[in-house]
Structure formats: C-alpha cells, structure tokens
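Engineer: Residue-level listing of the chains:
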Amino acid sequence: MNIIKGFATTFKHLLEEPVTLQYPEQMKPFNPRYKGRHHLRRYENGLEKCIGCSLCAAACPADAIWVEAAENTDEERYSPGERYAKTYEINMLRCIFCGYCEDACPTQAIELGHEHQLSFTDRRDAIFTKEMLIDTPVGKAEGTPRQVEPGVYTRSIPDMPDAK
Amino acid sequence: MVKIVIDGKDYEVPAGANLVDAAKNAAGNDIPVFCYHPKMEPVGMCRMCIVELGMEEIDRETKQPVLDDKGQPKVRWMPKLQTACTQKVTPGMHVRTATKLVEDARQNVIEFLLTSHPLDCPICDKGGECPLQNLTMAHGPGGSRMVFNDKLKLDKHVPLGDLIYLDEERCIQCARCVRFQDEIVGDDVLAFHERGRSLQIITNSDPGFDTYFSGNTTDICPVGALTTADFRFGARPWELTEVPSICPHDAAGSNISLSTRLDRDAGGKAVIKRVMPRQNEYVNEIWISDKTRFGHHFTRSEDRLLHPMLRRGDTLAPTTWKDVFARVAGDLKAAGSDVAVIAGGAITNEDLWELKQLAAGLGSERLGTWTPTYGGADLVAKVGVGKGTNLKDLGKGDAVLVIASDLEEEVPMWRLRLKQAQDRGAYLVVANARHTRLEDFATQKERNGKPVSGATIRYNVGEAAHVMHELKTRYPEIAEKLAGATNLVIVAGAEGLTLDGSKALMQAAANFLISSGHVGKANNGLMSPLPGANGMGLHYMGFTPENTQHIMANPPKVLIVAQAEPGEDDPTAAAWLSKVETVITLSLFPDKTTHYATYALPIQSFAERDGTFVNGERRVQRFYTAQGPMGEALPAWKIVAGMREALGQAKPKVSAAAVMLEISNKVPAFAGCTYKDLAKVEKQFPDVGGADLYYGGTAYDNKGGLGVQIATSADAGETPAVADVTLPAVPKAKDGELLLLPTTRLYNRSHVFKPSVLVHPRVLLPYVELNEADAHKLGVQPGDVVEIAFGDDTVRVRAGINGTPAGVAVLPRELADKATPFLPTSGTIKKVTEPVLA
Ligand code: SF4
Ligand code: FES
Numbered sequence: 001m002n003i004i005k006g007f008a009t010t011f012k013h014l015l016e017e018p019v020t021l022q023y024p025e026q027m028k029p030f031n032p033r034y035k036g037r038h039h040l041r042r043y044e045n046g047l048e049k050c051i052g053c054s055l056c057a058a059a060c061p062a063d064a065i066w067v068e069a070a071e072n073t074d075e076e077r078y079s080p081g082e083r084y085a086k087t088y089e090i091n092m093l094r095c096i097f098c099g100y101c102e103d104a105c106p107t108q109a110i111e112l113g114h115e116h117q118l119s120f121t122d123r124r125d126a127i128f129t130k131e132m133l134i135d136t137p138v139g140k141a142e143g144t145p146r147q148v149e150p151g152v153y154t155r156s157i158p159d160m161p162d163a164k
Numbered sequence: 001m002v003k004i005v006i007d008g009k010d011y012e013v014p015a016g017a018n019l020v021d022a023a024k025n026a027a028g029n030d031i032p033v034f035c036y037h038p039k040m041e042p043v044g045m046c047r048m049c050i051v052e053l054g055m056e057e058i059d060r061e062t063k064q065p066v067l068d069d070k071g072q073p074k075v076r077w078m079p080k081l082q083t084a085c086t087q088k089v090t091p092g093m094h095v096r097t098a099t100k101l102v103e104d105a106r107q108n109v110i111e112f113l114l115t116s117h118p119l120d121c122p123i124c125d126k127g128g129e130c131p132l133q134n135l136t137m138a139h140g141p142g143g144s145r146m147v148f149n150d151k152l153k154l155d156k157h158v159p160l161g162d163l164i165y166l167d168e169e170r171c172i173q174c175a176r177c178v179r180f181q182d183e184i185v186g187d188d189v190l191a192f193h194e195r196g197r198s199l200q201i202i203t204n205s206d207p208g209f210d211t212y213f214s215g216n217t218t219d220i221c222p223v224g225a226l227t228t229a230d231f232r233f234g235a236r237p238w239e240l241t242e243v244p245s246i247c248p249h250d251a252a253g254s255n256i257s258l259s260t261r262l263d264r265d266a267g268g269k270a271v272i273k274r275v276m277p278r279q280n281e282y283v284n285e286i287w288i289s290d291k292t293r294f295g296h297h298f299t300r301s302e303d304r305l306l307h308p309m310l311r312r313g314d315t316l317a318p319t320t321w322k323d324v325f326a327r328v329a330g331d332l333k334a335a336g337s338d339v340a341v342i343a344g345g346a347i348t349n350e351d352l353w354e355l356k357q358l359a360a361g362l363g364s365e366r367l368g369t370w371t372p373t374y375g376g377a378d379l380v381a382k383v384g385v386g387k388g389t390n391l392k393d394l395g396k397g398d399a400v401l402v403i404a405s406d407l408e409e410e411v412p413m414w415r416l417r418l419k420q421a422q423d424r425g426a427y428l429v430v431a432n433a434r435h436t437r438l439e440d441f442a443t444q445k446e447r448n449g450k451p452v453s454g455a456t457i458r459y460n461v462g463e464a465a466h467v468m469h470e471l472k473t474r475y476p477e478i479a480e481k482l483a484g485a486t487n488l489v490i491v492a493g494a495e496g497l498t499l500d501g502s503k504a505l506m507q508a509a510a511n512f513l514i515s516s517g518h519v520g521k522a523n524n525g526l527m528s529p530l531p532g533a534n535g536m537g538l539h540y541m542g543f544t545p546e547n548t549q550h551i552m553a554n555p556p557k558v559l560i561v562a563q564a565e566p567g568e569d570d571p572t573a574a575a576w577l578s579k580v581e582t583v584i585t586l587s588l589f590p591d592k593t594t595h596y597a598t599y600a601l602p603i604q605s606f607a608e609r610d611g612t613f614v615n616g617e618r619r620v621q622r623f624y625t626a627q628g629p630m631g632e633a634l635p636a637w638k639i640v641a642g643m644r645e646a647l648g649q650a651k652p653k654v655s656a657a658a659v660m661l662e663i664s665n666k667v668p669a670f671a672g673c674t675y676k677d678l679a680k681v682e683k684q685f686p687d688v689g690g691a692d693l694y695y696g697g698t699a700y701d702n703k704g705g706l707g708v709q710i711a712t713s714a715d716a717g718e719t720p721a722v723a724d725v726t727l728p729a730v731p732k733a734k735d736g737e738l739l740l741l742p743t744t745r746l747y748n749r750s751h752v753f754k755p756s757v758l759v760h761p762r763v764l765l766p767y768v769e770l771n772e773a774d775a776h777k778l779g780v781q782p783g784d785v786v787e788i789a790f791g792d793d794t795v796r797v798r799a800g801i802n803g804t805p806a807g808v809a810v811l812p813r814e815l816a817d818k819a820t821p822f823l824p825t826s827g828t829i830k831k832v833t834e835p836v837l838a
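The listed protein sequences correspond, in order, to chains D and Z. In this text, residue positions in the first sequence follow this note's numbering: the first is 1, and each later residue adds one. In this text, residue positions in the second sequence follow this note's numbering: the first is 1, and each later residue adds one.
Honestly, the hints are just simulated from the structure, not real lab data. Hints should not be assumed to be uniformly reliable.
In silico BS3-like cross-links for lysine-lysine, where the CA-CA straight-line distance does not exceed 25 Å [to be verified]: (1) Lys86(D) to Lys156(Z); (2) Lys269(Z) to Lys130(D); (3) Lys269(Z) to Lys86(D); (4) Lys9(Z) to Lys24(Z); (5) Lys39(Z) to Lys450(Z); (6) Lys387(Z) to Lys481(Z); (7) Lys683(Z) to Lys3(Z); (8) Lys579(Z) to Lys592(Z); (9) Lys680(Z) to Lys703(Z).
Work out the full structure: start from the sequences and follow the hints.
Structural biologist: Following this line, the structure appears as structure tokens:
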C-alpha cells in the first residue's frame with residue numbers, strides 16, 4: 001500500500017513545473033529591503049550625500065568602513081555643507097551586511113543595494129573605494145568635484161527635494 | 001570646613017568653596033554647567049546649574065537653628081531656583097539637585113540653548129566629546145518643539161585669526177572663551193558683539209585672535225563653536241588613540257596628549273591628528289601654548305632626513321646603518337680621545353647618557369650644549385625652585401622676578417602662570433633692557449577689577465648681572481619687597497648677555513635667593529628658560545656651554561653634533577666646523593650643519609620613540625611612542641649604542657626604558673626616575689576629560705605620568721653658600737656701529753616649526769627693530785629693507801621702529817634663512833635702495 005502512495009507522489013511531481021532556477025542566468029526578484037553591497041548616493045543635482053561624518057564606521061560592528069573627511073570649498077565642492085568624505089572604503093570581506101551603516105547615516109548617503117555576487121581573488125580587491133561605491137550622477141547632473149556659486153550650499157543637509 | 005546638606009545628606013566641605021565644586025568633590029553630585037569653569041570666576045550666564053537652595057532658619061535671639069516638629073532644622077527655601085555656580089557654600093546650606101522643579105528647569109534651559117542650534121553634530125569636530133551633546137542626553141527633553149527651518153541661520157565658517165574657526169550658529173554665549181583670554185591669559189582679544197539673538201564672538205585684534213594661547217579656547221568651549229584649523233575634520237574624536245607625550249619645544253615641558261589615527265595620505269600609518277593638553281597641575285595645568293598645539297608637523301615632514309648618509313665628495317649618499325657603525329667606529333678609534341659632543345636642548349636623557357658613555361669610553365669629557373648662551377644650570381640644580389613647587393600656589397605675599405628673559409616668546413607657559421600668580425596677589429617684577437609682553441602686566445595697577453602689584457626695571461643691554469648683583473643698592477624698594485616676600489621665584493634668562501654675563505646673572509640671582517632665605521623649599525628658588533625641552537637634562541648629564549666654547553675654539557678630530565644646528569644658528573659655524581676632521585650629525589633634518597658632516601644620521605623625533613626630558617623646574621617627564629618612524633630613522637640613543645657596540649664598548653640596551661633604568665642607577669640626580677616611577681599619576685583637581693568633559697573641557701586626564709621632580713641640593717639639606725660674582729664686561733658696539741641684540745621669537749623658521757604651515761601667516765618676516773633716533777640717523781623708515789653687517793656676514797631684513805634702547809638693534813634669531821648672531825654683537829646697518837629680500 002505504502003509503495004503505491006510513494007510512487008503517486010513521485011509521479012505527481014514529475015508533472016509539475018520545476019522549482020530550480022538556472023542561477024546565475026535566472027534570478028529571483030529581490031525583496032526591496034534586501035541588503036547587498038553598498039551604494040553611496042547623490043542628490044538629484046549630482047552632489048554627494050555623504051558628508052564624511054564617519055557615523056557608519058562607528059556603527060559598523062565589523063569595523064569594515066574607513067572614512068576620512070576633508071573640507072569642501074565652493075571652488076571644489078563634493079557635497080553640500082562644509083564636509084565631505086575624502087576617503088570612503090568598505091572592506092566587503094569584513095562586512096556582515098547588517099545595514100547598521102544605513103541606519104546610522106544622517107543624510108541617507110549610504111544604502112545597501114541588491115548586488116550580492118561578491119567574489120575576490122585578492123584580499124585587496126575586497127576593499128571597495130569611494131569611486132566604486134558612488135552612483136553616477138543621474139541624467140544631465142554634473143558630477144563632483146565641481147565649482148559652484150558661493151553661498152549656495154551652506155547647509156550639510158540642504159533643502160533639496162529628495163532630502164528628507 | 002562647613003556642613004551643608006545636598007539632597008538630604010550631610011557633607012563636610014571646605015568653607016568658601018564654590019557650590020558646584022563642593023557638590024562634585026564631596027557628594028559626587030555633578031551639577032551640570034556650561035559657563036562655569038573651575039579655573040575661572042563664575043559669571044552665571046547660562047543658567048544650566050540651577051538648583052533649589054535653602055538656608056536653615058536661625059533664631060535671632062538664641063542664634064540656634066529653629067527646629068520643626070520632627071526635631072529637624074527648619075529650612076527656608078528660596079522662592080526661585082538659584083545658579084549653583086555663583087554660590088559659595090555657607091554653613092547650613094541646603095541644596096536640592098534632583099527634584100522635579102530642577103529637572104524641568106534644566107530641560108528648559110537645554111531646550112532654550114538648542115532653539116537655534118544647527119544640530120550638525122555629524123560634521124562637528126566637537127561631536128563625541130561635546131558637553132552640549134552630553135548634557136542634552138543627560139538632562140535635555142527627548143524631542144524638540146522647534147521647527148527646524150525656522151532656526152536662525154548664521155555664518156558657519158568664520159576664521160578668528162589663522163588658527164581658530166568660529167561657527168556662529170553653535171555658540172551658546174557662555175563667554176568661556178572671552179573670559180579665558182581676559183582672565184587667564186590677559187590677552188584681551190575676544191569680545192561679544194551685538195546683543196540678544198545677534199550676539200556673536202568677535203576678535204578685536206589685528207591679526208585676528210592674536211595670542212599664543214588661542215587653542216585652549218577650543219578645549220573649554222562647551223560646544224563646537226570654536227575649533228582649530230589644524231584638526232578641522234581630521235577625525236572623529238572616538239577614532240583617535242591618545243598617546244601621552246611632552247612638548248618638545250621649550251623648558252616648560254607641557255604635558256600633552258598626541259591624538260593619532262591611521263591615515264591614507266601617510267600610507268595607512270598612524271599620524272598625529274592633533275595635540276591636546278594633558279592635565280598636569282604642577283606643570284601646565286590644562287593649558288598649552290599654540291606652538292605646542294600646532295608645532296607637531298615636523299614629525300611627519302617630507303623634508304626629514306630619512307636615511308643614514310655618508311659623504312662622497314660634495315654630496316651625501318645613502319648607506320646602511322651597518323656600514324655607518326663600522327666606519328664611525330674606525331674614525332673614532334683613529335681619533336683616540338680627541339672626540340667631542342655638542343648636543344641641542346631638545347635631545348632626550350637617554351640619548352645624552354649614551355653619548356656621555358661613548359665619549360667616556362674614548363677618554364673624552366668634552367660634552368657641550370647648544371646654543372652656548374645660557375649659563376648657570378648648575379645653580380638651578382643647587383638652588384632651583386624647591387621640590388613640590390607649583391607656580392599655581394604663588395599668590396598673596398609672594399614675589400616673582402623675571403630678569404633678562406622675554407618669557408612670552410621663550411616659555412609662554414611660564415608667562416601665563418606667572419601672570420596668574422600676579423592676579424592672585426604676587427608681586428611681579430620684570431627687568432629687561434627692552435620692552436617685553438610680561439612687562440605690560442608688571443606695570444598694571446589693576447586688572448579685571450582687582451588690584452595687582454608689580455614693578456619694572458630697565459637697564460642697559462648686557463647689564464642684567466650688574467643690576468641683579470646691585471639690586472639692593474640700585475633699587476632698594478624693589479629689593480626689599482622681593483627679599484621680604486613669603487615665597488620668591490627668580491626666572492633669569494640670558495637675553496643681551498654673553499655666556500659670562502649669563503653665569504654672573506645666575507650667580508647674582510642665586511646669591512639674592514640664598515641671602516634672603518628663599519631656597520630649599522617649595523615655591524622658592526631659581527628657574528631659567530634654558531633653550532629646548534631638556535636644558536636641565538643636559539646639565540645633569542654633564543653637558544655644559546663652557547665645553548662648547550672650548551670645542552669651538554679648539555675643534556676636535558671627531559665631533560658628534562646631536563640634535564643641534566650650529567650651522568643654522570652660528571654665523572661663524574663655517575670657521576670652526578670646517579676645522580673638524582669628521583663631523584657626525586644626529587639630525588632630524590638635512591640642514592646647514594649636515595653640510596659639514598661626514599655622516600648625517602637620521603634620528604627619530606619625540607613622537608616616534610620613548611624618552612624623557614627634564615623641564616626647567618627639574619621635573620623628569622616621560623613621553624611615549626605615538627607614530628611609526630620616518631624612513632630609516634632610529635632613536636639617537638640607539639644610533640650611539642650601535643657605535644659603542646662597533647667600538648666594543650658595550651652591547652646596546654633593548655629599550656629606552658632599560659637605558660633609563662641604568663641612568664637611574666648611575667646618575668644620582670635621576671635616582672627613582674625609572675619609567676615606572678615616571679608613569680605614576682595621582683588624582684588632580686579639577687577633573688577633566690572622560691565623563692567630566694562638561695566641567696573642565698576636553699583636556700585629557702593624565703594617564704601617562706606626572707613625572708618626578710629632582711631635588712635641589714638645597715632641598716637635600718645642603719646649605720648653599722653665597723659665591724662671588726665676577727661682573728663681566730658689558731657688550732658694546734664699536735664706534736659708529738649698533739649693538740645687535742639677538743632675541744627669541746616663539747614662532748620662527750627653525751626646522752622643527754617650519755613644517756607647521758598653518759602658522760606661517762603668524763611667523764614674522766625677518767626684521768630688525770631700531771630706535772627712532774638711530775633710524776633717523778640711518779635714514780631708515782619703517783618697512784625699509786636694510787642690510788645688516790656683522791663680522792664677515794650680512795643679512796637683509798626689514799626695519800621696524802619700536803622704541804628699542806638707543807644704539808641697540810633688536811635682531812630676532814631664527815627668522816631669517818641665514819644664521820644671525822646668537823650673542824650680542826656689534827654691527828652696521830644700511831638701507832638697501834633696491835629692496836630685495838635675500
Ligand atoms: S564660542 Fe564657545 S566658549 Fe565662546 S561664548 Fe560661544 S560657546 Fe562659549
Ligand atoms: S550659570 Fe552656572 S554654569 Fe552657567
């Protein structure tokens with residue numbers, strides 16, 4: 001009796017669609033809150049959101065983030081306000097993708113994206129620099145550094161539409 | 001002692017103590033403050049310290065406390081809250097610090113202070129060590145009722161001078177900075193401008209914030225309104241590693257903390273990000289001068305000497321340490337005992353000990369100091385300020401004489417503390433041949449509403465010893481007051497003096513102290529602003545200026561120049577250095593001395609190694625390794641030990657600590673000065689750093705050691721005898737010439753200060769100061785370029801006219817890029833018609 005039950009189950013599944021995905025050609029859609037590798041965001045106008053405050057590094061339980069700050073000038077502006085990140089590095093081998101950095105960030109500059117295929121053949125390659133992390137400016141927006149009119153970007157959290 | 005009641009508990013506190021201090025010390029009750037600072041007079045401006053205050057009711061007839069029905073004294077509470085910082089404790093005082101009323105009031109004060117605060121802690125250099133942050137967390141309301149966009153917007157980047165930035169939005173108008181400059185320093189260069197909401201800190205000096213102590217305001221500012229340009233966005237405070245250290249620049253030996261962090265620009269190595277004061281109430285309290293704070297960049301300068309160099313023809317070529325040791329050993333053996341050492345004032349005791357051993361092993365005792373200008377270190381060892389001295393204790397009934405020294409420029413920390421001694425009632429006498437900053441204080445009759453007393457003496461250049469020797473006859477009134485003081489400290493420098501003059505002055509000063517009974521006890525005795533951080537160490541190790549004179553006159557076969565720059569300082573250096581067969585320099589920088597060197601050997605700076613200095617008050621103090629070495633540099637003692645090993649004298653010690661252990665066993669003065677002894681700390685008042693940030697500011701508590709003060713022979717019970725003073729000839733100008741008077745400027749172009757680029761705008765262009773009549777005779781206007789000729793040398797500088805004595809031209813050292821005289825010298829000055837600065 002049991003053997004018939006067993007075969008029946010097997011046959012039933014033979015007729016079903018397979019659940020196996022042909023990864024990496026095929027991929028499941030991500031949960032929007034999935035925490036993959038980080039991105040450094042820009043404002044719509046192309047200025048960097050990161051102000052180099054190092055709070056992400058302080059929040060990071062794995063000590064994976066390294067930030068060094070410097071001062072903006074209107075001749076060479078990276079971010080609004082006075083301060084920007086001169087060095088911004090994340091060691092992806094150390095990172096545990098907990099997203100604490102995202103929580104700590106006062107300007108929502110760092111966000112964990114969906115990219116998760118991180119493999120390296122050298123430890124040094126696992127250190128993502130600012131150039132690797134930062135988004136390209138959207139649309140026609142100019143990148144950074146850039147020269148701006150004096151007295152405009154005086155606040156580190158500016159009144160810009162996408163700054164909440 | 002009086003009895004007060006805090007939150008229902010009885011405490012015994014010193015009578016007249018400030019309530020905030022008393023509550024903290026006796027009850028461990030931290031009453032929050034912003035404007036109050038334990039080192040300054042209370043002003044009651046911020047209202048953060050409010051408490052409920054009451055007095056026990058006293059029956060007028062019986063003078064006994066009135067008791068309530070429970071038998072407890074009846075307390076009459078004041079109807080309104082009171083500021084604790086403006087209260088002095090009185091018997092029967094009752095204080096409540098934890099009631100709802102007080103808590104609400106504190107909340108309201110914080111909310112009020114934050115009404116227009118920009119809340120930009122993430123980018124603020126104070127963030128993480130900010131009293132406003134801490135007290136808001138502890139006492140503030142959880143949320144804000146303010147609309148962020150309605151906040152007042154002000155300038156966030158106002159340079160107050162070249163070193164300090166003001167963020168107008170963050171200032172809470174506590175006036176700590178203004179009061180520090182005014183009360184403590186006496187350079188009244190900050191002020192409030194406008195009123196109410198528009199009130200701002202401004203600087204009213206030109207150049208802005210013109211003082212040598214500006215950095216301290218950033219430590220005591222309870223918010224991020226004042227920050228230094230040096231540390232601007234350098235790191236977050238919690239990322240820094242604190243390394244205890246000692247200021248390498250002057251005789252004060254200020255205790256500092258080097259805040260280090262790894263840095264990409266430095267190849268990922270640890271570098272000094274900032275220098276902070278480290279509390280040592282005996283030495284620098286919680287203050288440091290701006291030179292101490294901003295003069296650390298030489299430790300990471302690209303210009304440092306990085307490899308051991310060997311002369312090949314006209315150039316120096318890099319070689320290996322092994323090669324150096326072998327060759328040097330050969331040269332030293334060949335020279336036999338015709339070997340001498342000249343060591344600079346910023347070299348450590350460990351280095352000096354190894355050098356001394358090396359010379360002794362070769363049979364030489366020719367150990368000289370650089371520069372050979374200050375005599376009488378032996379007298380400081382005999383009748384120096386007694387063990388346990390703390391300039392902070394000088395006050396009413398005491399007296400201070402500062403002679404032949406411009407302390408503001410030579411040892412700013414002493415000038416600060418002596419000025420404060422005068423504030424507390426000490427009698428301050430300043431004697432010099434020209435005007436100095438300290439003289440301004442000595443002439444004042446009243447300061448900040450309090451009477452102060454002082455006197456000044458002016459003498460002809462070079463006559464300091466004469467004046468000191470004949471003080472009783474020449475200035476009987478002053479001499480009497482000095483001699484009659486409870487405690488007397490004499491600070492004797494060497495400005496305008498030859499070495500003989502300096503020695504005579506020191507002896508005359510010592511005689512005065514001995515004959516008036518001011519030796520062998522704390523807060524009495526002699527001090528000297530010897531150049532460098534280890535002037536007294538040189539003495540204790542047997543290095544003397546007389547030896548240097550002898551070495552200059554009779555150049556040896558092999559001369560080791562250890563962390564000294566005769567080529568930079570002495571216009572006649574070429575004449576005697578070139579007569580030495582082999583010059584070995586232990587140098588931080590390639591300079592005009594390495595020019596004569598057969599071997600130029602790179603040494604580590606104070607930040608790269610462990611070591612000890614002896615300050616002008618004879619306190620042996622220890623500093624620790626903060627950053628990795630530059631290039632192949634080694635600590636000087638290791639280099640010398642390497643030479644000694646190659647000579648077969650001794651095996652090198654394994655560490656600086658081991659060297660110091662040997663010193664403490666062999667040199668009696670250093671007995672009890674092992675690294676362990678030097679690292680001892682004790683509890684100090686006021687509390688700073690750590691959780692007590694809100695109180696004393698961000699100076700660091702002392703974890704590295706308070707040091708050990710070497711006893712004078714007078715302390716040790718020896719009765720010092722008055723000795724004869726041989727008054728030397730006074731330096732005179734030749735006929736028709738002027739007397740060039742070398743002086744010291746704190747900010748100069750020496751190798752150890754030049755890399756601090758930040759301060760460059762404050763370093764004066766090379767100049768000479770003339771008397772009006774002399775300038776008129778020479779046809780020189782202020783600002784003219786003049787050529788000064790002395791000996792076979794000339795230098796071009798700008799002329800200034802500034803009431804110097806007639807026939808005297810003040811020519812500060814280390815400003816021009818050429819050596820100028822370090823002793824008073826006769827010279828001529830003529831105007832250059834085509835003004836080209838050399
Ligand atoms: S700048 Fe700082 S110390 Fe000065 S008044 Fe403002 S808050 Fe106080
Ligand atoms: S009013 Fe007392 S601390 Fe400011």
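Engineer: Which earlier hints can't be squared with this structure?
Structural biologist: Violated: none.
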